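**Q** Sequence:
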Amino acid sequence: MLKKLTMVMAAASLVVACNKNRVEVIENVKIQIHNHDDKAKKLKDGDIITFTAKIYNSADSLLQESTEANPARAMVQPAGASGFKGSFEDGLRLLAQGDSATIYVPVDSLSKGAQQLPPFIKKGTDLKYSVKILKVQTRADFDKEMAANAQKEKQAAEARKTELPKLIQDYIAKSGKTFKTTASGLYYSITTEGTGASPKKGDVCKCMYVGKFLDGKVFDQSKQPIDMPIGQMIPGFNEALTLMKKGGKATFVIPPAIGYGEQGQGPIPGNSALVFEVEVIDFTASK
1 MLKKLTMVMA
11 AASLVVACNK
21 NRVEVIENVK
31 IQIHNHDDKA
41 KKLKDGDIIT
51 FTAKIYNSAD
61 SLLQESTEAN
71 PARAMVQPAG
81 ASGFKGSFED
91 GLRLLAQGDS
101 ATIYVPVDSL
111 SKGAQQLPPF
121 IKKGTDLKYS
131 VKILKVQTRA
141 DFDKEMAANA
151 QKEKQAAEAR
161 KTELPKLIQD
171 YIAKSGKTFK
181 TTASGLYYSI
191 TTEGTGASPK
201 KGDVCKCMYV
211 GKFLDGKVFD
221 QSKQPIDMPI
231 GQMIPGFNEA
241 LTLMKKGGKA
251 TFVIPPAIGY
261 GEQGQGPIPG
271 NSALVFEVEV
281 IDFTASK
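Going by UniProt numbering, the sequence shown opens with residue 1, and the numbers climb by one from there.
Treat the hints as calculated values from the structure; they're not laboratory data. One thing to keep in mind: the hints can contain errors.
Unchecked claim - Calculated pairs, DSBU-like style, for lysine-lysine (alpha carbon to alpha carbon, straight line, at most 35 Å):
id, residue 1, residue 2
1, Lys30, Lys41
2, Lys39, Lys144
3, Lys128, Lys223
4, Lys132, Lys41
5, Lys44, Lys152
6, Lys246, Lys217
7, Lys128, Lys177
8, Lys152, Lys39
9, Lys177, Lys217
10, Lys177, Lys201
11, Lys201, Lys287
12, Lys287, Lys206
13, Lys42, Lys123
14, Lys246, Lys212
15, Lys180, Lys54
16, Lys128, Lys30
17, Lys249, Lys206
18, Lys161, Lys217
19, Lys132, Lys30
20, Lys177, Lys123
21, Lys201, Lys154
22, Lys217, Lys249
23, Lys30, Lys135
24, Lys249, Lys287
What the hints assert, rightly or not - Computed Cβ-Cβ distance ranges for the label pairs, DEER-style:
id, residue 1, residue 2, range
25, Gly247, Glu158, 36 to 44 Å
26, Lys41, Ser286, 27 to 35 Å
27, Thr182, Lys41, 50 to 58 Å
28, Ile226, Glu193, 19 to 27 Å
29, Asp60, Pro165, 42 to 50 Å
30, Gly231, Gly196, 18 to 26 Å
31, Gly247, Glu68, 34 to 42 Å
32, Pro119, Phe84, 20 to 28 Å
33, Gln64, Lys246, 39 to 47 Å
All values derive from a computational prediction rather than experimental measurement. All C-beta atoms, glycine included, are put in the ideal place defined by N, C-alpha and C.
Starting from the given sequences, assemble the full structure and let the hints guide the process.
**A** Quick look at the structure:
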């Protein structure tokens with residue numbers, strides 16, 4: 001009898017494990033739940049959730065990623081508030097703190113009204129959002145935490161501003177490259193000259209790039225060539241592209257005055273100097 005009971009329990013555990021990773025439709029959301037804790041803090045409308053996310057297309061190519069070091073945040077909204085049933089936001093409502101899941105969102109629902117989709121996103125397929133819920137807070141608790149963080153960051157930004165000239169010179173000295181400086185304060189080192197004319201404001205450059213801090217930590221990089229319209233980016237990057245040519249490669253150091261300034265943005269703290277390694281594959285002149 002004991003042996004039979006053990007076998008039944010083992011079989012039941014296997015069924016639970018299989019169901020946990022099964023793709024199913026719950027409240028109009030196509031979802032695959034990887035981990036779920038029934039006892040964890042549930043989400044309520046108005047709560048602020050902090051989470052990591054990886055977004056994949058139907059070919060499993062990674063399109064966008066947020067990490068624990070730079071997580072995404074969203075407010076929990078009533079079901080359907082995003083404009084259609086089964087949205088990513090509706091999927092988040094099904095989860096709790098500590099949960100992880102993959103939410104499948106139909107491209108056709110996302111792209112209604114869009115003139116043209118990027119070639120790497122196909123109609124009739126799903127975008128896959130692989131998420132993990134890191135934190136759930138009331139709006140009041142979230143605002144309190146953000147205010148405290150803002151004060152700390154303001155103090156850190158002021159300290160960086162004082163140290164910045166030396167940090168930039170230390171980076172240049174260690175880089176092994178020869179840099180020139182423009183009137184705006186942009187530092188540049190052309191490693192491959194390229195050919196033809198240089199692009200100008202209004203032209204669209206197709207580029208590969210890596211964005212780093214002075215300590216070498218990467219904060220952004222292109223996964224494939226990306227179009228960059230000159231005049232629609234931070235001033236330092238706009239100017240940097242006008243110094244290049246088709247096929248050219250260069251390294252730029254962009255001070256905060258022509259970058260993201262004292263406030264910063266996203267993963268970039270205030271008063272940060274940015275290093276960009278850029279390759280211009282080609283560019284299209286404005287008409």
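**Q** Each hint should be assessed against the structure and marked as holding or not.
**A** Each hint tested on the structure:
no. : hint                        : verdict
1   : Lys30 - Lys41               : holds (22 Å)
2   : Lys39 - Lys144              : holds (26 Å)
3   : Lys128 - Lys223             : holds (18 Å)
4   : Lys132 - Lys41              : holds (14 Å)
5   : Lys44 - Lys152              : holds (29 Å)
6   : Lys246 - Lys217             : holds (27 Å)
7   : Lys128 - Lys177             : violated (42 Å)
8   : Lys152 - Lys39              : holds (34 Å)
9   : Lys177 - Lys217             : holds (19 Å)
10  : Lys177 - Lys201             : holds (27 Å)
11  : Lys201 - Lys287             : holds (11 Å)
12  : Lys287 - Lys206             : holds (17 Å)
13  : Lys42 - Lys123              : holds (34 Å)
14  : Lys246 - Lys212             : holds (23 Å)
15  : Lys180 - Lys54              : violated (39 Å)
16  : Lys128 - Lys30              : holds (10 Å)
17  : Lys249 - Lys206             : holds (12 Å)
18  : Lys161 - Lys217             : holds (19 Å)
19  : Lys132 - Lys30              : holds (16 Å)
20  : Lys177 - Lys123             : violated (46 Å)
21  : Lys201 - Lys154             : holds (33 Å)
22  : Lys217 - Lys249             : holds (20 Å)
23  : Lys30 - Lys135              : holds (23 Å)
24  : Lys249 - Lys287             : holds (25 Å)
25  : Gly247 - Glu158: 36 to 44 Å : holds (42 Å)
26  : Lys41 - Ser286: 27 to 35 Å  : violated (52 Å)
27  : Thr182 - Lys41: 50 to 58 Å  : holds (52 Å)
28  : Ile226 - Glu193: 19 to 27 Å : holds (22 Å)
29  : Asp60 - Pro165: 42 to 50 Å  : holds (45 Å)
30  : Gly231 - Gly196: 18 to 26 Å : holds (20 Å)
31  : Gly247 - Glu68: 34 to 42 Å  : holds (38 Å)
32  : Pro119 - Phe84: 20 to 28 Å  : holds (24 Å)
33  : Gln64 - Lys246: 39 to 47 Å  : violated (28 Å)
The structure fails hints 7, 15, 20, 26 and 33 (numbered hints given earlier, in ascending order).
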